[in-house]
Structure formats: C-alpha cells, structure tokens
Amino acid sequence: MKAIGVRICKWIGLPGATILISCVALMWLIGCGTNKQSGEVAAGTTGKSGAQLWAENCIRCHNIRSPGSLSPAQWEVAMMHMRVRANLTPEEHKKILEFLKAGGGG
Amino acid sequence: MKRATPIIMNQTTAGAFVALTWLFIPSAAIAQDVASSPPPSDYVSRVEYDKLKAEHEAMKQELDALKATVKQLTAAPPPAPVPGKAVSEGKQVVDAPPEAATEELRQEVETLKAQIKETFPGTTKFLLGGYGTAGFTARSGEDPFFDAAFNAIFLFKMTDRLLFEGELEFEFEDNETTTNLEIAQASYLLNDYMTIGVGRFLNPTNFFVERQHMNWVNKLPDKPLAVYDGLLPESELGAQLRGVVPIGPTKLEYAAFVANAPGLITESDDFSEIGTLDFDNDANFGGHVAVGGHVGFIPIPQIEVGYGIQRSKVGPRDQAVEAVLQSADFNYVQDSPLLKGLITARAQWVWSHVGHFVYDPTGEQGFGPLTFNNNRNGGYAQISYRPTHIDNDYLKNVEGVFRYDRFNQLHTPVGFDEQRWTLGLNYWLTPSAVLKLAYEFDDKNGGARDQDAFLMQAAVGF
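Keeping their order, the protein sequence lines are chains C and F.
At position 1 of the first sequence (counting the first as 1) the number is 1 in our numbering, and the numbers step up by one without a gap.
At position 119 of the second sequence (counting the first as 1) the number is 119 in our numbering, and the numbers step up by one without a gap.
It is worth saying that the hints were derived from the structure and are not from the lab.
Keep in mind that the hints are not guaranteed to be accurate.
[As the list claims (entries may be wrong)] Which bits of chain F does chain C cover? Going by a derived footprint, with three or more residues having C-beta under 8 Å, they are: (1) 154-163; (2) 190-201; (3) 208-214; (4) 240-252; (5) 329-341; (6) 408-418.
[Claimed, not checked] Heads up, simulated DSS-like pairs for lysine-lysine below, C-alpha to C-alpha not over 30 Å straight-line: (7) K396(F) / K340(F); (8) K48(C) / K340(F); (9) K396(F) / K48(C); (10) K67(F) / K51(F); (11) K125(F) / K101(C); (12) K125(F) / K48(C); (13) K71(F) / K60(F); (14) K396(F) / K101(C); (15) K113(F) / K101(C).
[Said to hold, decoys possible] DEER-style ranges, computed between Cβ atoms: (16) A152(F) / A102(C): 26 to 36 Å; (17) E322(F) / A102(C): 11 to 21 Å; (18) L128(F) / A102(C): 21 to 31 Å; (19) L338(F) / A102(C): 29 to 39 Å; (20) P431(F) / A102(C): 14 to 24 Å.
Please read these numbers as outputs of a predicted model, since none were measured by experiment.
All residues carry an ideal CB built from backbone N, CA and C; glycine is no exception.
Looking at chain F on its own, in the form it has when it is part of the complex (with noise of 0.2 Å):
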C-alpha cells in the first residue's frame, strides 16, 4: 500500500504540471505577445516619463518665480498714477496687484471724466456763478412779505491778463421782477501791483458791498443802515486802479477810481429824500467827475483795517456844492481751536458831507426856501461765533450773529436817528448755503415810531 501511493502521487503531479504547462503556455504567449507589442495609453513609457518630469520640473521653477513676483509687488506701495494716461495703455494693471489696479483705473476714470467736463460750454475760460436769496420780513407797522431775489455772476478770463465780470440782479419788488445791472467790468493787470478796471464795478471804498453784501456772505437777513442803500454808493460807472503790495508779511490794498458824480436830490414828493445823494446817476445829471479811493491794511491775516474816501461837486452845474464821503472798516476773523470756533468781528462807519444847499428858493415845492446841515453819519458793527471745531455735525453747522447798526441825521429832512440791535442765529447747510432767521430792535427818536421785525433769509452761492 505504501509503494502503490508515492507511484500514484509521482502521476497525479506529473499530470499536473502537464496541466499546469498547458494552463500556463497560452498565458506565456499572450504576455510574449503584450510585451512585444506598442503599450496601451494607459501606459507611460521611459521616454515620456522622463519628458513629463522634465516639464514638471521647469513648471515648478515657474509657479516658484511667480509666487516670488507676487509677494514683492504685494509688499511694495500702489504705482503713482499717471495724469491723462489713456486706459488703453494701462497694460501694467494686468500684471499689478487688483487695489493698485483699481485704484489706477479710478484714477484715470476721474482724469477723464474731468477732461470731459472741461470740454463742456462755459467752463474753459466762462464761468457762471452768483447766488439766490428767498426772505420773508414782518416788519411793525408793515405788511409782512415775502421776497426773493437772483443774482447772476458771468465771469470770462479772456486772457491771462484780462478779465470780464458782469453780475445782473433779478429781485420780485412791488409785484413786478425787476433787473439791475450791478457789475459790468473788464479789468487788466498791468502787472503784479496794478490792475486797472472799466465800466461798473462795486464801489471800492465801500468794503461791505465790496465783500461782504452777497447775501450768502452777509450773515444777517438784511443790511446794515448807512453802509448799504445809505451814505455810499454801490457801484461807481467810471475806472478804477487797483492793488496790493506785500510788504514782508503784511500787505497793503489801495484803489483809486474816477466815476460818475452822485446828483442831488432837490426836488421829490418824498420829502426826506431832499437834500440826499441820489447815487443811481447814471446819466451824470450835472456833469460832475467823482474821484477817490480806498487804502487798506493787512497786519496779520487776521485782521484789515481800511480808509476810503470819494469826493465830488453835486447839483446842478451852476449851483454845486461839494460831497464828501469817507469810510473806516475794521475786519477780523480767527478761527480759533482755543474756542472751539470762527469768530468774526466786523465794523464800518460812514461819513456824508453835502455842502450849503438852497432847496426849493422860489418856495414852488411848498418847503423852500430850505437849508440845514447836511452832514450825516452811521455804520454798524457786528460779531459772530460758529463752534466749527465741535464734534456733533450739527452744532457746528449753528452760527449766532449780534449786529449794532446806527444812522445819524436828525438834524435833515428825514429827522429822526434811527439804531438797531438785531440777533440772528443761522445754520450752515453747505459752506455756502444758509438759513438765517433774525429778530431787530429797532429805536428812532425824533418822533418816529420804532419798527421792530422778524426777518428770515435762504441764501444760496453757487
């Protein structure tokens, strides 16, 4: 038994790997075949490998550079922009960190836009400007009412050297709209010191109209007594040389002008108007040349004071007299971080001489004949405070105002004195955008009655 198995063993694994062989021969020759034949592309040969990894390889050293490239343009400041560079040649923003690209291309933008703008009609060399006024006044003993008023400013730079201003008033007055012609002025500058004007233009030894009575700058509803519609007129038609010399850190104004003379009122249904100047004489009733001027002083740029003075024969050709008009300012203003604010403090007084006059001689206006002494005066000061340098934005915007204004001439037709004290509160809207309410104290003497008024004022500059 024991023989028999080890035969019937040495069989059964002779068989077997004869079976094996025959398993195995189809499967040797099929690999023989795959071997022999080009690999599927599931396949990477040597040569590809090695060509992979070489592109990989100069891949990396490339993802490597960039990543250095980014950092340092990160790290570094946004590119300086470029005025009036086209977006068309902005290739560097590609390239440029997305802020600084932004930031470049909102740049341009703006560039252009104003490039655009400036094409625009009248905003080369013209400029439109000017300001707009609505009120309303209840006034003791009047009517309240309202009102309102434009004033177109034209400005036209012809030159370097040559400038036109004209301004035109539009005011609703006694139900009709009515249109003055305020400023009509071409102005040269001889050079730095001297610059000479023509035409009308604001009476410059007048420093309130001058610079204060646009009613955007003027800080009260209405105007000072004497100084504006009183003693001096507003404009002048003739020429005028003006303006500054620095003289270290001071400065020093003049203007000198020869104009039209102002008439004499000799006859009027008004009888307190006899005996004023009428300075709307544009015609140049008597034929008569004003001359004068106005000097101011700069110690610190704080503070002006200034003199002005104009004088003329008045009247009839045959019977003028002499006037004399003369006018002291003082200026100053501090914005003040001590007080929290803009304070300002201004004050201007007005002298009239209108030498002997005979009204009415024949007596055929019923008063004559008259004669008094012409001489009158009156002026105003005034302070204001703006707490600018408070931190609630609407505070700062409330400004409180106290004007004094005062205008002698008892002793003339009109015959009484008159003094005012007049409170205003305003709230800046824009720097030149205002609300403006104010309350006036009025006293006359001389019998006449006191006229109180609330008045309230929107002024606009534009």
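Here chain C stands alone, though its shape is the one from the complex (with noise of 0.2 Å):
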C-alpha cells in the first residue's frame, strides 16, 4: 500500500496525489453512506427556499434567468446539467428545479 502512495506521489506529485487521494476516498466514503435517488435531500439541509437558493447560485457566475424563459421539461435538463457543472448539491438542485417549474411554463 505504502508503495503504491509513493508510486503515485512520484507520479503526479505530492500537491496532487494529497488532492486525489483525499477526495476519491472522503467522497466514496459519504457517497457510498448515503446513495440516495437523484434528488432526494441530503442530510444537513441548509433550510432556504427554492427562490433564495436561485438566487444565491445562479448569481455566482451569472445573471439569474426568469423561470418563464424555459419550459418545466426544459428546465429539467438545464437544472440537471448546472448540477454537474456548478457542483450543486442535490437539496439545491431539487428546489431550485421546483422553484423553476413552478414558475415555468411560458
């Protein structure tokens, strides 16, 4: 085991393997604890409304969309693919998305 550490330090590097090494088994870790559905609310909910959780993260890199700009189908895949691409989590997905379709439609 301690080879293989080394073999992969020696490979990408102390800065990097910490990165890998650490992330990969902390995430398998509580991944693995708490396989949920897609969508269900994780433990910890911060509490906040679909609207305030819009807001908070959507203006983090942009300007915030009207929920009438896509259809609620729409917005099921756009809100799938700013999941993965700002790293939401799934309590944040799941109101924002009923936030947007609830104000959808149009």
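Please assemble the complex out of the two chains, which come individually in their own frames, going by the hints.
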C-alpha cells in the first residue's frame, strides 16, 4: 500500500496525490453511506427556499434568468447540467428545480 | 193650471220610465248573457289568479335564493385552478363569477399550452442552448476587424443520473469558418456527492473557463491574459470525478481528472512558441497522462475560493520533462441594497512550470541548442458594478467593469511581460443579452510594442 502511495506521489506529485486520494476516499465513503436517489434531500439541509437558492447560486456566475424563460421539461435538463457544472448539492438542485418549474411554462 | 201640471209630469215620468225600461232591458239581457258565457282572454279568472299568484311567490323565493348565492360567491376568493383539468370538465365555470371563471380558464389554457409545447421535438429530455457573438476590434498596430462566433450546446438528459453534453463552436476567422468540438461529455451521477464524466470536458482547474468564459457571462469583450488561451488548457480529453459536499452552511467542491497530457512545442516557425505547451494535443503525442484536480470552498454564498493543479510529463517520450500547472481563483458576488446594485470581484492567477529541456540541440532550426527557465505566470483581477436597485429602467441595465490582467514570460522566447488595464461599459438588454464597449491600455516591457485596443461586442445566451 505504501509502495502504491509512493508511486502515485512520484507520478503526479505530492499536491496532486493529496488532492486526488483524499477527495476520492472521502467522497466514496460519504457517497456510499448516503447513496440516495438523485434529487433526494441530503442530511444537513440548509432550510433555504428554492427562490433563495436560485438567487444565491445562479448569480455567482451569471445573471439570473427568469423561470419563464424555459418550460418545466427544459428546466429539468438545464438544471441537471447546472448540477454537474456548478456543483450544486442535491438539495439545491431539487429546490431550485421545483421553484423554476413552478414559475415556468411560458 | 196647477192641477194639470202634475198630471202631465206623472205622464211624462211614466213615459220616461217605460222608455228607459225598454232601453235597459236589452242591455240587461246582454249583461246576463255575458255573465253566463266563458270569459274573454283579457280577463283573469279567480283560479288563474290564484295559480299565477302561487307561481309568482315561488319565483320570488327562487330569486331571493339566487341573490344570496351570488352574494356569497362574490365575497369568497376565486377557486384554485386545477392543474391539467380539461376545459370540458370546467362546468363549474358557468356557476362561478366572471372573474374567477376567466382566471380558471386562463390557467387551463396556459397549462394546455405548456403541455403542447413539451410535445415539440427536443423539449422533453433534450435541450438546445448556446450563445452567439458579434464583435469589433481595433488594436493599435493591427488592422481593425469584425468577428462573429456561434456556440451550440446540446444537452441530453438520458436518465435521472445520466447526462450528455456537447458543445460545438463555429467561428469565423482568417476568411474561413472553423468548427471546434469544445465539449463532448457523458456525466453519470454516482451518488449525491460524486459525478463521473468521460469525454472532452472543460478544464476543472480553470475556474474562468468552466464558469466565466461564455461571452454572455464574461463581462468584457475579450478574455484575460494567461488564464484563457495562455497557461492552462481550456478543455481536457479524459475522465473526471467531481462533486460537492455540504458542510453545514458551507460547501466544499472538488474535481479530479486524468486526461491526455499537453504537448511540448519544440519546433515551430514562430520562435516565440518554443517551449510553450500545446493543449490541442488530441493525438496525445508523447503518450503521457495528465492528472489534476481542483478544490473550491464556499464559506458563504457570496464568496468562492479555489485551487487547482495539473501535473504531467510533456515532450517526446525519451526526453520527457515535467510540467506543473497551478491556479488559484477567487470569486465574490454581492447583491447589495446598500450600494443599490450588484458587485462582483473576480481574480485568478496561474503558474506554469516546464522542466529543463534542450530545444534544437543540433542547431538545425537555427536557434539551438537553447535552454531557458520555462516558468511563466499570469492572471487577472476584475471588478464590476451594476446599479440594479435604482428606479431608472435604463441605468439599472448599465454595468461598469474594470480589469487588470498580466502575463509574465520575459525570460522565455516570447521575450516580454505584458499588463493591461481595461475599462468596460455594458448594457444588458436581457439577463443573457449584452452590448459591451471597452478600451484596453496595454503595456509591454522587453522592447515590445504596446497595443491599446478598442473593443465592441454583442453577446446573446439562449
């Protein structure tokens, strides 16, 4: 095990190895322990509304777009994309999507 | 005389009585006939009168009941719309007040419109988006030119866990239209905290590229030195594992990837390119693998800080040297009622290190053997303000931007460091459509010519 660690460190360097190994190990452990269906609310929820999360997360990169700019079905796809790209938590994804779908359809 | 007058009077009275009797007998007979015959239509019998009276009373009671019902319905709130309810089912609309009925009908029409719209091809699990750009650049020492580009983004949600994302860029440059495959990635949600992606994806270590490079998002017409088209790849070809972990009110983001390594340019007609990294090394010349990652931390929703690193061997297999690329990023966004607007502050700095390599060892290319300290760095800091909270409909769409960017590579074949100060003024037509104007003050050392520039750009995201 130590030899593998040394080889990885030699291959990608200590900073890279530290990031990779710790992230993978941590995420795998946490993920396996709480493997839920996509969109279910994770533990430790923030209690913020969908509108609040929509405003907080979207504005971090770009102007917030009106819920009516896409149909509910289109928001489903767009929000899955943003969940991956913008690293949204399952709770944020679920609440923002519900908010957008409720106000969409135009 | 007196005696004769009464007689005459009596005779006269009797005659008159008889005459009157004869006159009235037919009338009395006629009246007697009328009373014994059925009444004409202009007259109402007692039976009919009683019947009509009863009906009138019943109608009066019914009217009072209707008045009470209308009063009750008018005072009550309009009924909640029933999603998906068919128009034919809306019999209650007839009984409801006009306003409520109209509202309910409107809701039903909207629902039906949405349902119909969702049946159109490409609107259920497939989404076509993207952005388009038209620009003008006048840079000192160069011919001014117009340019245009169109990026089409294809998103396909195959299941609740599987997403395919593709992006094609069509750009008009050098008198021809070029096409680039920017992204072609399949992402699978392993669990709430892990997503795996394979294919061609935006470089996770480069915050600007992942989050800001789209022209309708980027607040200036051009992109910062070193960060974009400089020291970091814009995309990677390989596999990545990424996700986010909520830690109380904070969030920790991570991404790790393996990908084709960049190439090392050892031969070129342009001497300034010697020693730079070729990030379009899709054929993976040299056969090396790049490993990298990015960690981001969001302590409060307004602030995000991150660090990324990529490490690989570069160059020919038998002469490979090490390349380490690092990036630190900062992002602050505050919608401030106190300052009546939206403030953003962004910064990113990049370091590139390429190990010792002897270029043109035989001197065949005319400049070797050449070695140099191949360390470069650069980045940008940018602030912007848009008075979104003021009442003026025009001013609230105006945004001022200032950016400082820098690229240090004096001791490389490039031979100069460059820094720029850029002032920009934007007008937002919609949240994703913007007109940009900017003036760039350029400063190069090492004897290179400064190239100030005037830039215009229209960008639309959809």
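For this session: Take the C-beta atom of E322(F) and the C-beta atom of A102(C), compute their distance, and say whether it sits inside 11 to 21 Å.
Result: At 53 Å between Cβs, range violated.
For this session: Evaluate the given range 14 to 24 Å for the C-beta pair formed by P431(F) and A102(C).
Result: 19 Å, holds
Exercise. Between L128(F) and A102(C), does the C-beta distance stay in 21 to 31 Å?
Worked result: The hinted range 21 to 31 Å holds for L128(F) and A102(C), with Cβ atoms some 24 Å apart.
Exercise. With a cut-off of 8 Å between beta carbons, are at least three residues of the segment 154-163 of chain F near chain C?
Worked result: holds (count 6)
Problem set entry | Hint check for A102(C) and L338(F) - Cβ pair distance inside 29 to 39 Å | For A102(C) against L338(F), whose Cβ atoms are near 31 Å apart, the range 29 to 39 Å holds.
Exercise. Are three or more residues of the segment 240-252 of chain F within 8 Å, CB to CB, of chain C?
Worked result: holds (count 10)
For this session: Confirm or reject the coverage of the segment 408-418 of chain F by chain C under the rule of 3 or more residues with a beta carbon closer than 8 Å to the chain's beta carbons.
Result: violated (count 0)
Problem set entry | Given coverage of the segment 190-201 of chain F by chain C, checked by CB-CB distance under 8 Å (3 or more) | Satisfied; 7 residues make the cut.
For this session: Mind checking the alpha carbons of K125(F) and K101(C) for me, to see if they're no more than 30 Å apart?
Result: Roughly 15 Å between the alpha carbons, so the hint for K125(F) and K101(C) holds.
For this session: Below or equal to 30 Å on CA atoms is what counts here, so check K113(F) against K101(C).
Result: 15 Å, holds
For this session: Take the C-alpha atoms of K396(F) and K101(C), compute the straight-line distance between them, and say whether it is at most 30 Å.
Result: Distance of about 27 Å is within 30 Å: holds.
Problem set entry | Hint check for A102(C) and A152(F) - Cβ pair distance inside 26 to 36 Å | 29 Å, holds
Checked against the numbered hints given earlier, the structure breaks hints 6 and 17 and satisfies all the rest.
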